[in-house]
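*Asks:* Mind docking chain B with the ligands on chain A? Use the hints.
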Amino acid sequence: MKPKLSIRDLNMVFEAEGGPLTVIDGLNLDVATNEFVAIVGTSGCGKSTLLSIVGGLTEPTSGTLLLDDRPIIGPGRDRGFVFQNYSLFEWMTVERNIDFALEKSRMGRAERRELVSEYIQTVGLAGFEKALPKQLSGGMRQRVAIARALVYRPSVLLMDEPFGALDAQTRGMMQELLLKVWDEHKSTVLFVTHDVDEALFLADRVVVLSSRPGRIKNDLNVDIPRPRPYEVITESHFAELKRGVLHDIREETLKMMAIEGAS
Amino acid sequence: MRLRAPISRRLYVGASIAFPLVLLIAWWWVTTAGYVRPLFLPSPQSVVAEGWRQIEEGILWRDASVSIYRIVAGWSAATVLALPIGILMGNYRLVEGALEPLVSTIRYMPVVALIPLSILWAGIGDAQKILILFIGTFFQQVLMIMNNTKAVDMTLIRAGQTLGFSNGEILRRIVLPASMPGIWDTFRITIGWTWTYLVVAELVAAQDGLGRRIMDAQRYFATDTIIFGTIFIGLLGFATDYLFKVGGRKMFGWAETTR
Ligand SMILES: Nc1ncnc2c1ncn2[C@@H]1O[C@H](COP(=O)(O)OP(=O)(O)OP(=O)(O)O)[C@@H](O)[C@H]1O
Ligand SMILES: [Mg+2]
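Protein chains in written order, with our numbering: chain A, 49 to 311; chain B, 105 to 363.
Hints are computed from structural coordinates only; laboratory data are not their basis.
We put the beta carbon where it would ideally sit given N, CA and C, even for glycine.
It cannot be assumed that every hint is accurate.
[What the hints assert, rightly or not] Straight-line distance between alpha carbons at most 25 Å, and here's what the computed PhoX-like set of lysine-lysine pairs gives:
#, chain 1, residue 1, chain 2, residue 2
1, B, K254, B, K349
2, A, K52, A, K265
3, A, K228, A, K265
4, A, K265, A, K303
5, B, K254, B, K354
6, A, K50, A, K303
7, A, K152, B, K354
8, B, K354, A, K178
9, B, K254, A, K178
10, A, K52, A, K182
11, A, K52, A, K234
12, A, K182, B, K254
[As the list claims (entries may be wrong)] Chain A stretches covered by chain B per the calculated footprint, using a threshold of three residues with CB under 8 Å from any CB of chain B:
#, segment
13, 125-131
14, 134-142
[What the hints assert, rightly or not] Here are some chain B residues pointing at chain A (derived, C-beta under 8 Å):
#, residue
15, W132
16, L260
17, G268
18, G272
19, G351
20, K354
Same shape as in the complex, but just chain A (with noise of 0.2 Å):
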C-alpha cells in the first residue's frame, strides 16, 4: 500500500554560530493513512524541526517529502498542527479561534457555524463558546488549539508536545480526549513528545530520533489493542514496551550528553 507521507534522504543543516549544525541526517520515514506515530527522542534531536518540515514552515537542506505522493513545498490545509505553548489568538473568544481556522475555505457562513459547534462539542467545550483564552485553563485552552488544527478537516494532524505544559491528571484525561476525537475524525497523527507513557498509550507506532543528527534509531510497533482503557500503562506487556524505548532513548541520551560535553 502507498504510504500517506513518505520522507526520503531528509538533511537538515543550520547555520549556527559555532559552524553548520546538522540536525537531521538521512532520516526516512513512512507513515501509513490514518496512522498515530508518536516521535521521541532526547531534547534537542531535532523533533520539533522534523515537525516543521512536514508542516512546510521549515524548508529542508535537502531531501524529498512526499504527501499524497506530492511533494511538500509549504504549509498547505491538508496538514493542521497543535503547538506546545498555546498558540491561541487571545484577542478572539473561543469561538472566533475556531472559526478563523475556516476563513480560507469556501464554506458559507452557516456551515461554518455549524461546524465550529461540533467541534466545541466534540473537545467538551460547550458553554465556553464566548469566553476569552485568559479565562480558561491550560487544559482547555489545549482543547481550543485541538479543535482550530482539526476543524478544517486535515488529512495529517502534527503535534508538537501539546501536553508538555499540563499537569500529570490533566495529560491523562487530554490523551483519552485525543484518543476519543481521533477515533471520531480518523486521520494521520504525527505526535512528538517526550513521555514514553504517552506514546506508548495513544500511538500505533513510536519512532525514537537518535541524537542529533537525527536518524531513526528504533522504529516500533505499538501491539496492544484499542481501545485501550487508561489502565493499559499498568499492564506488564506495556511495561515491557516501556523498557525498550527507555533504554533506547538513554542511550541516545549519553551519546548527546558525551557530544555537548565535549563541544
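*Replies:* Just chain B with the ligands, lined up with the frame of chain A:
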C-alpha cells in the same frame, strides 16, 4: 509594608493627593515667609493669579489650542508612518537590517540642532513646528513598535501559516492585534515625549503656543508665567496619559491576566 503587597484604593489615591499637597504647602511656606525672592521662585498664589489672568484674557485657550494642534499633528504623522514601518522592521529581517542602524543613529541626534534645517525645509509656520515634533517622536517610536511586534510569539505566526494565511494577512490579522497592547503603551509613552518637545518646537519664530509663552517669559524674568506654563503643560500631558491608560484598559482587556 511587604514588597509589592496590594493596598486599598483609598490609601493609594490618598497618597497620590497628600504628597503633592505637602510639596505645595512647603512651596507656599518658603515663598510667603520670604525665604526666597519671588524672582527665583514665585508664590503659588501668584502662579494661580497668572493662570487666571491668562484665562481671562483668552491667551491660555489660544495658546493651548495651537499647541495641542501641533502635538496631535506631529505625533499622528509620526505614528501613521512608524506603525507600518515598525511592523515591517519587526518581521522582515531585511527591512530591519536596512533601517535599524540608521534609525538608531538618528534618534540620538539632538533635535534642537536640527531647528535651522527644519526652517530651511519647512519655513517658519506650523509645518516647521510639526516637523520638529515629528522628528522628536518618529525615530524612537518606530524602534519601539518594531520591538513590540517582535514580542509576538513565533508560534502565533506559524499557526497563521498552517491555516493558510498570507504574510500580509498574518501581519495585519495576527501580528498587529497580538502586539497592539504593547504598541498602545508605546503610543502612550511617545505622546508624552512629544509633549516634552513642544518648547523646542516653538523655540523659533512662533507667535503663539504654550512653549512660546514660556520662552517669551524668560526674557522678562516673568517666573510666574514660566512656572504656570510648565505646570500646565505637565497637566495636559498627564491628562493625555490618563486617556490612553483608560482607553487601553477598555480595548485590551483580553491581554490582562487575571491569574
Ligand atoms: N532555526 C534554527 N537555527 C539554528 N539552530 C536551530 C534552529 N532550530 C533548531 N535548531 C537547533 O536544532 C537542534 C534541534 O532542535 P529541535 O527543536 O528540533 O529539537 P527537539 O528535539 O524538538 O528538542 P526538544 O525536545 O527540546 O523540544 C537544537 O540543537 C536546536 O538548537
Ligand atoms: Mg521540540
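*Asks:* Output the numbers, in ascending order, of every earlier hint that fails for this structure.
*Replies:* The structure breaks hints 3, 6, 7, 9, 10, 15, 18, 19 and 20; every other hint is satisfied.
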